[in-house]
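Trainee: Next come the chains, spelled out residue by residue.
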Amino acid sequence: MGYDVDTIFQIAGIGIVVAMIHTVLKQMGKEDWAHWVTLIGFIVVLYMVATIVDDLFTKIRSVFLFIGS
Amino acid sequence: MSIDMIQIVGFGLISAFLAMILKEQKPAFAFLLTLFVGAMIFLFLLDHIVMAFQLVETLATHANINMVYLQTMLKIIGIAYIAEFGAQIARDADQGAIAQKIELAGKVLIVVMAIPIFNVLIETVISLIPG
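Just so you know, the protein sequences line up as chains C and U, in that order. Residue numbers for the first sequence follow the numbering used here, beginning at 1 and rising by one. Residue numbers for the second sequence follow the numbering used here, beginning at 1001 and rising by one.
Warning: the hint list may mix true and false statements.
[Stated by the list, open to error] Chain U side only, calculated, beta carbon under 7 Å to chain C, not exhaustive:
hint, residue
1, F1017
2, L1018
3, M1020
4, M1073
5, G1078
6, Q1095
Because the hints were derived from the structure by calculation, they are not lab data. Just so it is clear, CB atoms sit at the ideal spot from N, CA and C, and this is done for glycine as well.
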């Protein structure tokens, strides 16, 4: 596979850690900080997903639609 | 090939499990994980699809078929695959309306792509009619 299986563990890990930090910050009464942490974690994961989706679309374009390649 | 299948099934099971855990904490992350896994399996399959296409292309060149028809066919298959992928991801995110619109767009674009072939077919039929 072009991509490693580790990446899905990374995404799941980031999700769980962000959820944990969110809970802890909420307990400490820092709601706004908790939301920022969630947003930043989301952006990081979104970047990873966007990279692979871009790769997928480029490949599909070269295989099926004969553009680029 | 059989090793590949085992790999994909194991991969899918692991990711389904992770998505299940993640869904309770943060549903958005679970959705991104699903999207990632879908893209990854698709990327993996593409290498095999290329092989199948090469076979079809060799057959077509041996049979002296015009390559334009084959290309149109492959493009239609590609559109169908992409539309299905997008629609299922959207449906997974509980956005059934968007999924249906994606499918509709796929159908319309396939019909538009097939128009030149229909034209050739109609012309052939007309030329066969005597008088």
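Trainee: Hold the hint about M1073 (chain U) up to the distance rule: shortest CB distance to chain C must be less than 7 Å.
Mentor: 10 Å, violated
Trainee: Report holds or violated for the interface hint on M1020 (chain U), using the least CB-CB distance to chain C and a cut-off of 7 Å.
Mentor: 10 Å, violated
Trainee: Would you check whether G1078 (chain U) satisfies its interface hint, that is, whether its CB is within less than 7 Å of any CB in chain C?
Mentor: Status holds, d = 2 Å.
Trainee: Against chain C, with CB atoms and a cut of 7 Å, does the hint on Q1095 (chain U) hold up?
Mentor: With a closest approach of 17 Å, the Q1095 (chain U) hint is violated.
Trainee: A closest beta-carbon separation below 7 Å is what the hint needs, so does F1017 (chain U) meet it against chain C?
Mentor: F1017 (chain U) check fails; min Cβ-Cβ to chain C is 9 Å, beyond 7 Å.
Trainee: Regarding the hint that L1018 (chain U) lies at the interface with chain C, is the smallest CB-CB distance below 7 Å?
Mentor: 4 Å, holds
Violation of the numbered hints given earlier is confined to hints 1, 3, 4, 6; the remaining hints are satisfied by the structure.
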